[in-house]
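**Student:** With chain A fixed as given, assemble chain B with the ligands onto it according to the hints.
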Amino acid sequence: MKIVVLIKQVPDTAEERRLDPGTGRVDRQANDPVIDEITERALELALSVKDKDKSTEVAVLAMGPEETSKAIRKALSMGADSGIHILDPALAGADITLTAAALAAALKGAQADLIIAGNESTDGRAGIVPAMVAEHLGLPLLGALASAAIGAGTVSGERLNDAGTQRVSAPLPAMLTVTESFEEARFPNFKGIMGAKRKPVTTLSASGLGIATEPLSTVIDLEQRPPRTAGRKIIDEGDAAAQLVDFLVTQRLI
Amino acid sequence: MQNVVVLIELTHTGHVPASARGLLAVATRLGTPVAVTVSEIPLEASTVAALGELGAVTIHAAHGPSAHSILVAHLVDALDAAVTAHAPAAVLAASSVDGREAAGRLAVRTGAGVLVDVVDAHSIDGKITTTHSVFGGNYTVHAAVPGALPIITLRSGAIDEQAPAVTPEVLNIELAAPPGTVATIDSYSDAPENQARPELRGAATVVSGGRGLGSAENFVLVEQLADALGAAVGASRAAVDAGFISQTAQVGQTGVSVSPQLYVALGISGAIQHRAGMQTAKTIVAINQDEDAPIFEIADLGIVGDVFTVVPQAIELLNARR
Ligand SMILES: Cc1cc2nc3c(=O)[nH]c(=O)nc-3n(C[C@H](O)[C@H](O)[C@H](O)COP(=O)(O)OP(=O)(O)OC[C@H]3O[C@@H](n4cnc5c(N)ncnc54)[C@H](O)[C@@H]3O)c2cc1C
Ligand SMILES: Nc1ncnc2c1ncn2[C@@H]1O[C@H](COP(=O)(O)O)[C@@H](O)[C@H]1O
Numbered sequence: 000m001k002i003v004v005l006i007k008q009v010p011d012t013a014e015e016r017r018l019d020p021g022t023g024r025v026d027r028q029a030n031d032p033v034i035d036e037i038t039e040r041a042l043e044l045a046l047s048v049k050d051k052d053k054s055t056e057v058a059v060l061a062m063g064p065e066e067t068s069k070a071i072r073k074a075l076s077m078g079a080d081s082g083i084h085i086l087d088p089a090l091a092g093a094d095i096t097l098t099a100a101a102l103a104a105a106l107k108g109a110q111a112d113l114i115i116a117g118n119e120s121t122d123g124r125a126g127i128v129p130a131m132v133a134e135h136l137g138l139p140l141l142g143a144l145a146s147a148a149i150g151a152g153t154v155s156g157e158r159l160n161d162a163g164t165q166r167v168s169a170p171l172p173a174m175l176t177v178t179e180s181f182e183e184a185r186f187p188n189f190k191g192i193m194g195a196k197r198k199p200v201t202t203l204s205a206s207g208l209g210i211a212t213e214p215l216s217t218v219i220d221l222e223q224r225p226p227r228t229a230g231r232k233i234i235d236e237g238d239a240a241a242q243l244v245d246f247l248v249t250q251r252l253i
Numbered sequence: 000m001q002n003v004v005v006l007i008e009l010t011h012t013g014h015v016p017a018s019a020r021g022l023l024a025v026a027t028r029l030g031t032p033v034a035v036t037v038s039e040i041p042l043e044a045s046t047v048a049a050l051g052e053l054g055a056v057t058i059h060a061a062h063g064p065s066a067h068s069i070l071v072a073h074l075v076d077a078l079d080a081a082v083t084a085h086a087p088a089a090v091l092a093a094s095s096v097d098g099r100e101a102a103g104r105l106a107v108r109t110g111a112g113v114l115v116d117v118v119d120a121h122s123i124d125g126k127i128t129t130t131h132s133v134f135g136g137n138y139t140v141h142a143a144v145p146g147a148l149p150i151i152t153l154r155s156g157a158i159d160e161q162a163p164a165v166t167p168e169v170l171n172i173e174l175a176a177p178p179g180t181v182a183t184i185d186s187y188s189d190a191p192e193n194q195a196r197p198e199l200r201g202a203a204t205v206v207s208g209g210r211g212l213g214s215a216e217n218f219v220l221v222e223q224l225a226d227a228l229g230a231a232v233g234a235s236r237a238a239v240d241a242g243f244i245s246q247t248a249q250v251g252q253t254g255v256s257v258s259p260q261l262y263v264a265l266g267i268s269g270a271i272q273h274r275a276g277m278q279t280a281k282t283i284v285a286i287n288q289d290e291d292a293p294i295f296e297i298a299d300l301g302i303v304g305d306v307f308t309v310v311p312q313a314i315e316l317l318n319a320r321r
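First to last, the protein sequences are chains A and B. The first sequence stops at residue 253 when you use numbering that gives the first Met the number 0, and every number in between is there. The second sequence stops at residue 321 when you use numbering that gives the first Met the number 0, and every number in between is there.
The following block holds chain B by itself, in its conformation from the complex:
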């Protein structure tokens, strides 16, 4: 089977990111996954086990003291070395901030082609074809890189699959100083880990709040409904701009694209740029005071009402059912 190189962006605290599961699942479908990691010290046994659990057959584990103080360059060097060593049929990375930068630089360095923001990938007769969801899901496009190595960035949360567990073979490689001038990471400030709530990307249920919530204090109502439904929390850009919640919660054209089973929009008008990030949801519920709000044009259940009246009642009813 052909090798497929997969970038696994371990955090500076050594955690395997949520994107690893989908990446390794797709890589297993396309061939034999070779996970590439960069860390300060050789991988801990627990990290190797976690990657094996997700299907990493081989781990190309680069390590060195500057792993987490140099921005992206080590990822590119490690991927480049893995491409040389394993002659892959494709390279996969997450469509994350670091993943995209590493993929882009690697493509230039190796003369490879890029296929971006991919929601699925298949190998047919040895030819790799990718699926893309374009313009807020209005189009499904299939694409390929016929004459060169395809470097694929995979939309996080798009793949709900897990590869069979394996026992990885670990290849330890020492990091060299990257060529040229590099950007440095001077300090980290990690987002608080919210174990209680699911990740927005890939969540089965999403509850989002908009400007209609009025304030950061009131936005708690969105979180309370999310918790009653076991949902992730999202927001409109207006809610983010107003400081109700962090930018990472933004759903839409310039935020996260979600495709949950259930999407609940609270106090969101449903501007086209918001719809671009959520209209592929299986079921949409909207609560808005304004009966002409465009969100109702795409809602399976639209409630014309005040979120401050309807939502607390709904939370009470949901909690009573438990």
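Same shape as in the complex, but just chain A:
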């Protein structure tokens, strides 16, 4: 079985993230770039299939600037077999529509039985790219899974939405997205880090993929909110609950 995992490099959520006031794009200089944690979990799921069946081939696919190659290397050191990097300065301002078209175009050549993505990215929070990729490829999508069973010809799992959970299934080839309910990713070990250097990474450009580079959506303007400041801090000496209720009353919150 061949599995392709869509990994995304994002600004680390552990620090304040910024938008470039000129372009409205994510300021990639402001934070350390890391693999979005949810896509690490997606990779972990693929690697767990490979742990059980060594014939499984795991590739990772990422679209992003030059530094994305580091995310791909890390994925290879964790155990992925190969990488595909969509890299093109013309795609720097890509919106969701373009991103999905580019990922789908790269996947057309990859012959995957299963494509695994994260349910939602921490920078965009769109949660929509996987469905768009699935539509481009004409594949069924099991989105927002809390668990998955990957068989020879089918995939099934428990899907989590506002209404509750549903048991869902689809024949392969198919696509699925994982939620935070999946296992955290393994750490790369020394052997993995050394081996990663010899694993193949293919770089693809927009023209090579035969896709447009003009985004459909535009940012009109943006405004930064002033940071929040600390208010009153009290230490409980037996009357904190009374002070809390007084505060709620004076603020007209109860």
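Any given hint could turn out to be false.
[As the list claims (entries may be wrong)] Here are the computed distance ranges between Cβ atoms for each label pair:
#1 64(A) <-> 316(B): 54 to 60 Å
#2 89(A) <-> 305(B): 54 to 60 Å
#3 315(B) <-> 166(A): 42 to 48 Å
#4 28(A) <-> 124(B): 32 to 38 Å
#5 316(B) <-> 217(A): 51 to 57 Å
#6 147(B) <-> 32(A): 29 to 35 Å
#7 233(A) <-> 13(B): 49 to 55 Å
#8 188(B) <-> 220(A): 43 to 49 Å
It should be emphasised that the hints constitute simulated quantities derived from the structure, not laboratory data. Every residue, glycine too, gets a C-beta built ideally from N, C-alpha and C.
**Tutor:** Chain B with the ligands in isolation, oriented as in the chain A frame:
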């Protein structure tokens, strides 16, 4: 007036979801709402009335026996047919799991553009502009899709508005088998409906608990304070990971974003990823043992104390006021 197609995700038991009110309110602001529904049987009169109450002028009601056993595909087909039939100026869907998937597939199928996780939308000189709250509310961004149909996913609970009631015109459409291979829904297990407590999304008051609660049994304290305040219940990721409460209660970067009048954080350190989901609250109250907890940096009232001491006393005082 231009039409605006709105996806209303009826549950498999036929209920109108909480997101419908805000979606139809925004659609009414942008034009004439055309609600798209998918159900097994033609809509019951009570469902039509409920949608009319929320402003649905037209209901494009697709129905067929596989409505609730095929995942998302019928929603996309119904929306696609509605876009063809009603030539809308925009399509609206909830930023829910199903809503986002249907919106994404529809965008690819129709060559439309997408505007996601929108907290507000306006039409100025016939041009639709959306408002987005980015990076935990640190930025407000306005965006548009100038040259194509905009497909908009609306953050649930962001709109506190209701459109005037109307008497809907219902167009009944029979569902056809979706093209290609599809994913199927083999069974449903519904979350227990909690009528007593408000929904987390859009709630005016939220009480959240973190790892500091220590156990699922102790987490009841969070629920008790929530009930004393008429609040919804939220949680940190650490509390969810520890199994104190279901994932749907998670507030933060990878959970729900809330903007209530009052947010009460109990035993939550205030990690940046938690703050990303609640720092736009009007007033923040935090109770934490550790006086250096980062949550105090953004709390209007910070109480350095033990939740197991302060909260039961507060509940007693609140209940005594009633
Ligand atoms: C990609 C990513 C996404 C994330 N998304 C989210 C998200 O959506 N939501 C989220 O919440 N987190 C998220 N996190 C996790 C986040 O970084 C923190 O780990 C998490 O918020 C911590 O939860 P907590 O405050 O409950 O636990 P802790 O940080 O362990 O804090 C517990 C607090 O309880 C206090 N305490 C203990 N006992 C008591 C007592 N008896 N009385 C009073 N106080 C007490 C302690 O002093 C401490 O401050 C994310 C992390 C990453 C990397
Ligand atoms: N630039 C990208 N490169 C690779 N995968 C991506 C990219 N953008 C989105 N994805 C995938 O799509 C998922 C959901 O992203 P989003 O729709 O942006 O929230 C992510 O978790 C990734 O798996």
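**Student:** Each hint should be assessed against the structure and marked as holding or not.
**Tutor:** Hints versus structure:
no. : hint                          : result
1   : 64(A) <-> 316(B): 54 to 60 Å  : 55 Å, holds
2   : 89(A) <-> 305(B): 54 to 60 Å  : 57 Å, holds
3   : 315(B) <-> 166(A): 42 to 48 Å : 44 Å, holds
4   : 28(A) <-> 124(B): 32 to 38 Å  : 36 Å, holds
5   : 316(B) <-> 217(A): 51 to 57 Å : 52 Å, holds
6   : 147(B) <-> 32(A): 29 to 35 Å  : 31 Å, holds
7   : 233(A) <-> 13(B): 49 to 55 Å  : 50 Å, holds
8   : 188(B) <-> 220(A): 43 to 49 Å : 45 Å, holds
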